[in-house]
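Colleague: In the order they appear, the protein sequences are chains A and B. Numbers 1 to 428, taken from my numbering, label the letters of the first sequence in order. Numbers 429 to 738, taken from my numbering, label the letters of the second sequence in order.
Hints listed in this document are in silico derivations from the structure and should not be mistaken for laboratory results. Model, not experiment: these values are computed from the prediction. Don't take every hint at face value.
[What the hints assert, rightly or not] In silico BS3-like cross-links for lysine-lysine, where the CA-CA straight-line distance does not exceed 30 Å:
| id | chain 1 | residue 1 | chain 2 | residue 2 |
| --- | --- | --- | --- | --- |
| 1 | B | Lys683 | B | Lys579 |
| 2 | A | Lys319 | A | Lys394 |
| 3 | A | Lys319 | B | Lys579 |
| 4 | A | Lys394 | B | Lys549 |
| 5 | A | Lys319 | A | Lys402 |
| 6 | A | Lys2 | A | Lys136 |
| 7 | B | Lys683 | A | Lys402 |
| 8 | A | Lys319 | B | Lys440 |
| 9 | B | Lys466 | B | Lys579 |
| 10 | B | Lys466 | B | Lys549 |
| 11 | B | Lys549 | B | Lys581 |
| 12 | B | Lys581 | B | Lys683 |
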Amino acid sequence: MKPRVLANVRIVDPSTGIDEIGDIVIIDGRISAIGADAAGMAPPSGAEIEDCAGLIAVPGLVDACVHIGEPGAEHRETIASASRAAARGGVTSIIMMPDTDPVIDDVALVDFVQRLARDEAVVRVHPAAALTKGLKGEEMTEFGLLLEAGAVWLSNGRHTVDNPAVMRRAMTYARDFGAVIAVATQDQRLGATGVMNEGLFASWLGLPGIPREAEIIPLERDLRLAGLTGARYHAMSISVPQSADVIRDAKARGLAVTAGISINHLTLNETDIGEYRTFFRLSPPLRTEDDRRAMVAALAEGVIDIIVSAHDPQDVDTKRLPFADAENGAIGLETMLAAALRLYHSGDVPLMRLVDALSTRPARILGLEAGTLAPGARADIALIDADYPWVVSKDDLISKSKNSPFEDARFTGKVLQTLVAGVTVHRA
Amino acid sequence: MSFPHRHLLGIKGLSEQDIIYLLDRADEAVKISRQREKKTSTLRGLTQINLFFEASTRTQASFELAGKRLGADVMNMSVANSSVKKGETLVDTAMTLNAMRPDVLVVRHSSAGAVALLSQKVGCPVINAGDGAHEHPTQALLDALTIRRAKGKVGRLIVAICGDVLHSRVARSNILLLNALGARVRVVAPSTLLPSGIADMGVEVFQSMEDGLRDADVVMMLRLQRERMAGSFVPSVREYFRYYGLDADKLSLAKPDALVMHPGPMNRGVEIASDIADGPQSVIELQVEMGVAVRMAVMETLMLSEGNQP
Numbered sequence: 001m002k003p004r005v006l007a008n009v010r011i012v013d014p015s016t017g018i019d020e021i022g023d024i025v026i027i028d029g030r031i032s033a034i035g036a037d038a039a040g041m042a043p044p045s046g047a048e049i050e051d052c053a054g055l056i057a058v059p060g061l062v063d064a065c066v067h068i069g070e071p072g073a074e075h076r077e078t079i080a081s082a083s084r085a086a087a088r089g090g091v092t093s094i095i096m097m098p099d100t101d102p103v104i105d106d107v108a109l110v111d112f113v114q115r116l117a118r119d120e121a122v123v124r125v126h127p128a129a130a131l132t133k134g135l136k137g138e139e140m141t142e143f144g145l146l147l148e149a150g151a152v153w154l155s156n157g158r159h160t161v162d163n164p165a166v167m168r169r170a171m172t173y174a175r176d177f178g179a180v181i182a183v184a185t186q187d188q189r190l191g192a193t194g195v196m197n198e199g200l201f202a203s204w205l206g207l208p209g210i211p212r213e214a215e216i217i218p219l220e221r222d223l224r225l226a227g228l229t230g231a232r233y234h235a236m237s238i239s240v241p242q243s244a245d246v247i248r249d250a251k252a253r254g255l256a257v258t259a260g261i262s263i264n265h266l267t268l269n270e271t272d273i274g275e276y277r278t279f280f281r282l283s284p285p286l287r288t289e290d291d292r293r294a295m296v297a298a299l300a301e302g303v304i305d306i307i308v309s310a311h312d313p314q315d316v317d318t319k320r321l322p323f324a325d326a327e328n329g330a331i332g333l334e335t336m337l338a339a340a341l342r343l344y345h346s347g348d349v350p351l352m353r354l355v356d357a358l359s360t361r362p363a364r365i366l367g368l369e370a371g372t373l374a375p376g377a378r379a380d381i382a383l384i385d386a387d388y389p390w391v392v393s394k395d396d397l398i399s400k401s402k403n404s405p406f407e408d409a410r411f412t413g414k415v416l417q418t419l420v421a422g423v424t425v426h427r428a
Numbered sequence: 429m430s431f432p433h434r435h436l437l438g439i440k441g442l443s444e445q446d447i448i449y450l451l452d453r454a455d456e457a458v459k460i461s462r463q464r465e466k467k468t469s470t471l472r473g474l475t476q477i478n479l480f481f482e483a484s485t486r487t488q489a490s491f492e493l494a495g496k497r498l499g500a501d502v503m504n505m506s507v508a509n510s511s512v513k514k515g516e517t518l519v520d521t522a523m524t525l526n527a528m529r530p531d532v533l534v535v536r537h538s539s540a541g542a543v544a545l546l547s548q549k550v551g552c553p554v555i556n557a558g559d560g561a562h563e564h565p566t567q568a569l570l571d572a573l574t575i576r577r578a579k580g581k582v583g584r585l586i587v588a589i590c591g592d593v594l595h596s597r598v599a600r601s602n603i604l605l606l607n608a609l610g611a612r613v614r615v616v617a618p619s620t621l622l623p624s625g626i627a628d629m630g631v632e633v634f635q636s637m638e639d640g641l642r643d644a645d646v647v648m649m650l651r652l653q654r655e656r657m658a659g660s661f662v663p664s665v666r667e668y669f670r671y672y673g674l675d676a677d678k679l680s681l682a683k684p685d686a687l688v689m690h691p692g693p694m695n696r697g698v699e700i701a702s703d704i705a706d707g708p709q710s711v712i713e714l715q716v717e718m719g720v721a722v723r724m725a726v727m728e729t730l731m732l733s734e735g736n737q738p
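So here's chain A without its partners, still in its complex pose (with noise of 0.2 Å):
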């Protein structure tokens, strides 16, 4: 492979706190230099020099929750699949949920997504292994094994694990490993009926809700459990303030608990469900403007880490019901980066803190050699217009899903180019 160099790019990367224009220089795959320094230097000989002049440069994105259909529902997405759009969306490395069919619980099935990843994905692809056998929530994994295999952490997929006694254990014994567990907290029996959020909406719309202390009580509860335990605890996906209210108390206490949220819950809010749109629904539910609002200053703020896109492809065997009758989950690959960007333009949160989110904090949560663009790391690159204007098609998505919540949607920014190890999976 020839040498590349990226000339005349502003380069963002928050793993080294650089935001400056130079270039970047890639030997065999790996950065071997990058900066206003760089662009001082010689070019190896024979490099493909290629002038990026008003593009940014950020390390490809780290996206720690999509949902595959492979294996078991090939239809909606398959591994290859989620990869290409993942390459469209300036995503790098991808996090695998468990809850596949079979679900990930076995050494055998790890292996597995990591030999279909290498054979047929254009981007990283890690596996998360189930937190408990089949994501029941009553017997634990093999966490030591399965993370020797290669699973990057833990997940009780879309459930919180009910018997506190279970949870309890499972994070005395995922401690010892060093495991993150990854767990989305929803008390099955609190916000049992409901489709949306509770408040005057759903009243209207005549749809039961799922109250904010379905999401709050049993994130308390796991709060308490790593105090008890000392495990590394992640909240992938909060919702409401007042989660990010009990991750900021955690943190000051000094456990180590880390949050996220969806691109969907920092962009859209519970009025674009509209008339019963079944895109918009969601889990957790997408909740008020004001809190909305509240999760963005909480992101800049840095108490909520990580940005995720919960890709979930759906057909319309699952959506195209009554708003109560279909699935939750929206796909959201191709489109995280530029709804991301929408907080960048409107001020709230600065890029540097944006691609932090997106990108380097998910890698050192995860234990990835990714997130940087430092000398010697891996070239996952990710070069952004930031002011290009476009909309979303949905002739356009190449997810083999189209249940976006942005279709028609006005973006300001977009991916141009994405490179993993150097090598360029997609272009604009």
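Dock chain B against chain A, hints included.
Modeller: Here is chain B on its own, set in the frame of chain A:
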């Protein structure tokens, strides 16, 4: 004056003028029903399909009779035990029926928003005959017609809606309609049967019948579903009747000429005492009669309006 809507999916979106237009037309329809010769040829040659995904004897009969009195060909489809049970989706059912070229579809479904979803897939007017806990617009219209005929007006009357507001599409449609016509709306229920945010829905909220019924012009009782009586939302039938059942004592707090209404079917001895249901203030039978008239008015309006001509 005409009616600027293709479907009747809810009271939401209707103006005061739209509502009055339908009520005036329903007044005319009452005359037809009271003649010896009840059949007209207004909708002759047109096809009405009643598509009920949720069983309902009364509403379905009312729509059927309304269509027949207007001369339409009426077909009833109870989907509760047909292909939908075999996995056919709502949208597929809608498209199948649409291919049979009906001129109006009357639809009831147990899910909120289902009727609106179906209306997007068909080429004829759709009337919502009740969708989940969302809306039941013809019920609210027939209630308003009943009140207007009994009291001469709706505006400025105090209307107390009592009982299971949480699960009631009748309550939602009535709150919207009564507010549009300028009535003062109260809801009276235990807090477990009130939706979140009820105080912002254009009503005064009461937890006691004694307070909520005081000086009311209309007392509108709601049905309490059996499965909600035993401990899940209220502790027992006898406790519910004690505090929220309409009996003579509680009714005496309302105005002496207050109307007693119920959308049916009634649970006698649960939300309403038998002697009150059959008593002099009850207009429950009048409601049933007005139901046919309102449905005639709605179908005639939608099927004959210019934009909806086949």
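Colleague: State for each hint whether it applies.
Modeller: Hint by hint, here is what the structure shows:
1. B:Lys683 / B:Lys579: holds, 13 Å
2. A:Lys319 / A:Lys394: The hint holds at about 15 Å.
3. A:Lys319 / B:Lys579: This hinted pair is violated, its Cα atoms lying about 47 Å apart.
4. A:Lys394 / B:Lys549: Status holds; Cα separation ~19 Å.
5. A:Lys319 / A:Lys402: This hinted pair holds, its Cα atoms lying about 10 Å apart.
6. A:Lys2 / A:Lys136: Given that 30 Å is the threshold and the Cα spacing comes to 50 Å, the pair is violated.
7. B:Lys683 / A:Lys402: violated, 58 Å
8. A:Lys319 / B:Lys440: The hint holds at about 25 Å.
9. B:Lys466 / B:Lys579: holds, 26 Å
10. B:Lys466 / B:Lys549: violated, 34 Å
11. B:Lys549 / B:Lys581: Given that 30 Å is the threshold and the Cα spacing comes to 38 Å, the pair is violated.
12. B:Lys581 / B:Lys683: holds, 16 Å
Of the numbered hints stated above, those contradicted by the structure are hints 3, 6, 7, 10 and 11, listed in ascending order.
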